[in-house]
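Visitor: For reference, the chains in residue letters:
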Amino acid sequence: MPFEYRSDIAHADVAFDAWAPTLEELFRDAARATMEVMVENLDQVRPAQTLELKLEQENEEMLLFDFLNELIFYKDARRLILLPADIEISPSDGGLTVRATLSGEEIAPTRHEMRTDVKAVTFLRYKVEQVPQGWRATVVLDV
Amino acid sequence: MNVPAALKRISDTLWELPMSYKEGMLVPARIVASEKLINEMDAGVFEQVSNVATLPGIQRYAYCMPDGHWGYGFPIGGVAAMDPRSGVISPGGIGFDINCGMRLVLTNLTAEQVQPKLHQLVDRLFARIPTGVGCHGFVKLKQDDFRTVVQQGSRWCLKNGFATQEDLDMTEEGGCFPGADATHISEKAVERGYNQLGTLGSGNHYCEIQVVQPQNIMDRELADAFGLTTVPNQVVIMFHCGSRGFGHQVATDYLKLFLSVMERKYGIKIVDRELACAPFHSPEGQAYFSAMKCAVNMAFANRQVILHRIREVFSDVFHAAPDELGLRMVYDVAHNTAKLERHLINGSRKELLVHRKGSTRAFGPGLPGLPECYRKTGQPVIIGGSMETGSYLLAGMSTGGDAWFTTAHGSGRTMSRHEAKKNFRGDKLQREMEQRGIYVRTDSFGGLAEEAGAAYKNIDEVVEATELAGLSKRVARLVPIGNIKG
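If you read the protein sequences in the order shown, they are chains S and C.
Last residue of the first sequence: 143 in the UniProt record's numbering, with the numbers rising by one and none dropped.
Last residue of the second sequence: 486 in the UniProt record's numbering, with the numbers rising by one and none dropped.
Simulated from the structure, these hints should not be mistaken for laboratory data.
No residue lacks a Cβ here, since even glycine has one placed at the ideal position from N, Cα and C.
One should not assume that every hint holds.
What the hints assert, rightly or not - If you anchor each label on the Cβ, the simulated ranges turn out as follows: (1) G161(C) / P2(S): 50 to 56 Å; (2) Q133(S) / A43(C): 26 to 32 Å; (3) N39(C) / S7(S): 18 to 24 Å; (4) E432(C) / D93(S): 55 to 61 Å; (5) S398(C) / N41(S): 49 to 55 Å; (6) K140(C) / E58(S): 38 to 44 Å; (7) P2(S) / S20(C): 41 to 47 Å; (8) A5(C) / E58(S): 49 to 55 Å; (9) I10(C) / E58(S): 43 to 49 Å; (10) D181(C) / Q133(S): 46 to 52 Å; (11) P109(S) / E187(C): 53 to 59 Å.
With the sequences and hints as input, model every part of the structure.
Guide: Next comes the structure, spelled out in C-alpha cells:
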C-alpha cells in the first residue's frame, strides 16, 4: 500500500503516511491520499481535462507542500478533481522543480461520492524524508 | 490517560501547566475542564497549549477551553492574548477557516407548526444552500466585486439587498472588521473564493432546525431577553460555516510567508512550524492582520447571504413574509479570529491582540462592543453540539476576564474522522436519526459518518464546565429536528 491514514496524530484533521521508491511516486501517492479524503470513489474520476503544472521550491518538503496545496486550489477554484498523470522532478537553480500533467474532471455529484473538504496542508508533524527504501512523507490535512 | 504529571489543579474546572513544564514557556498554560474532561483530553492539547505559552509577547496565560482537542499550532479551543507592541500574530492561532462561526436565528413558529412541513423545509434548504466539497455559491460575482465584498463584509450585503440593518447590529463589529485591505490578498485567494459566496461547505459545517423545549430553558430571564420564549416549543435555526476556500488560501499564503521571514528577518525561533508568526508591528504582521480581516468579512458576508436564503425558504414554505415569521438573528459569533481588544491586566486596561482559535468571544454584561440590547445580559454565545445531540445558547459572564472573556465553541472531537468512518455508516446513521426525530440531508454519507455524535465530547459536560469556570452561563438547550450537512 503506497499510503496509510493515521488516527493517532490528529482527531479533527486527517493524517497520512505515504512512502515510495522514488520522489515522483511519493508525490503521486500523496496526491491520491489527499484527493481520496474528498472523493470516495476516486477511480470513477475520468481524465476529461488535463492541466500542466510547474512549481519550484527550495527542497522536497516545500515542493510537496505546494504541490498538494495546488490540487486543493483547483478543487475550489475550478471544481476540478485532479490527479497527476505524469510527474518529473529535477534539480534547478532555486532548488527543485516539479513538472506535472494533472488530469481529471469537474465534480459530478451524480457519479462522484464526495466526502469531506480539505482546506489545507498543515505543517503539523509534516515531514518528507529519504529512507533506505526510497522516500517517506507524513502529512496532516486540515479538513 | 494522557494527563501530564506536572498538571496542577487550580479549581474544580481549572488546570495549569507551570512555566517549568517546558523550556521557553513565558507564561503558564491553563486548561478549563471538569475532572472527567481533563482525563479524556488529547495528549496533543497539553503539548500544543504549552507551545503557545512560548510565543513572544503572550500575556498572563495560554488558554485552552473544555472542548479543546488536537489542532495544529494552537489546539482547537486555544486562546492567547499578545501585547501588540512586543508580541506576534500567528495564523496557527486563528486557523485556516478564518471566522468560521455560528449564527442563531429566531422564528415565531412552534414545533407543532413546523413538523408537518419539516421534510419540505429541510429539502428546500438543502436544494437552495450549496453544500459539500467544491460547491459554488448562489451569489455570482466578478473577482473585483469579490474584493469589495471582503472589504465590506455584511455592509455589502446590506447594500445589495441580502441584509437588514438589524442583522448587522446583531453581528460582531457590525459584520465588518475595519481595516480589511484587499491589496494584501493574493490573486490565488480571490480565484479560490470568489465563486463560493453563499456556500455552507462540508465537514462540521451545517444548518440545523432546532426546538426550544420549555424544560430545556435554564435561565428564563436571559432566554426572554434573547427572544427565545415568544412561543412554546419555539423553532430556531442555527448554522455554522466560515470563509471557505478564500480564508483557507489567506492562511496558507501567510503561513508560508511567515516561515520564510520569521527567523531570518526577525530572529524568532518557535517549537512547531504551525506556530509560524511575525511581529504584530511588522510589514508582514500588519499585512496578514489586514488580509485576515478580509477573510473575516468574507465569512460574515457568507453567513449573511445564507441567512437571506433561509428567510426565502421559510417564507416560501409558510407563505408569509420573513418578518411575519419572526426570522430575526439572535447573534453571530466568530470562532477563528485575532482581534485588538481592551482588557484589564495588572489593574490597568490595556490593548491586546487576542487570538481565538476554535473558541468564542463571550463578553460579560456591560462590556463595550455589544449591541445595546445585550449590554445588561452579556453576549449571546452559540455553542453547536454534534448534529445528534443538541446545542446550547449561553451568555457571557462578568467573571470571564482572566480568559479574555472567551468560552468554548462546540463539543470538540474525541474520535478521529478515520476512526468514526470505521465505526459508523452514514446511511444507517441517517435512518437512525430520523427514527429519533431528526431529518438530515447530506451530500456525503462518508462525511455524515465522520460527524456522528459519538465522535464528539458530551456537550452537556462541556457547557457545564464553562459555566462553573465563570466563562458562560447556560440559557437554553436546543434540540435538533432537521439538519442539512455538507
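Visitor: Run every hint past the structure and note whether it holds.
Guide: Each hint, compared with the structure:
| no. | hint | in the structure |
| --- | --- | --- |
| 1 | G161(C) / P2(S): 50 to 56 Å | 51 Å, holds |
| 2 | Q133(S) / A43(C): 26 to 32 Å | 29 Å, holds |
| 3 | N39(C) / S7(S): 18 to 24 Å | 20 Å, holds |
| 4 | E432(C) / D93(S): 55 to 61 Å | 59 Å, holds |
| 5 | S398(C) / N41(S): 49 to 55 Å | 54 Å, holds |
| 6 | K140(C) / E58(S): 38 to 44 Å | 39 Å, holds |
| 7 | P2(S) / S20(C): 41 to 47 Å | 44 Å, holds |
| 8 | A5(C) / E58(S): 49 to 55 Å | 41 Å, violated |
| 9 | I10(C) / E58(S): 43 to 49 Å | 45 Å, holds |
| 10 | D181(C) / Q133(S): 46 to 52 Å | 49 Å, holds |
| 11 | P109(S) / E187(C): 53 to 59 Å | 28 Å, violated |
Violated hints, in rising order: 8, 11; the structure is consistent with all others.
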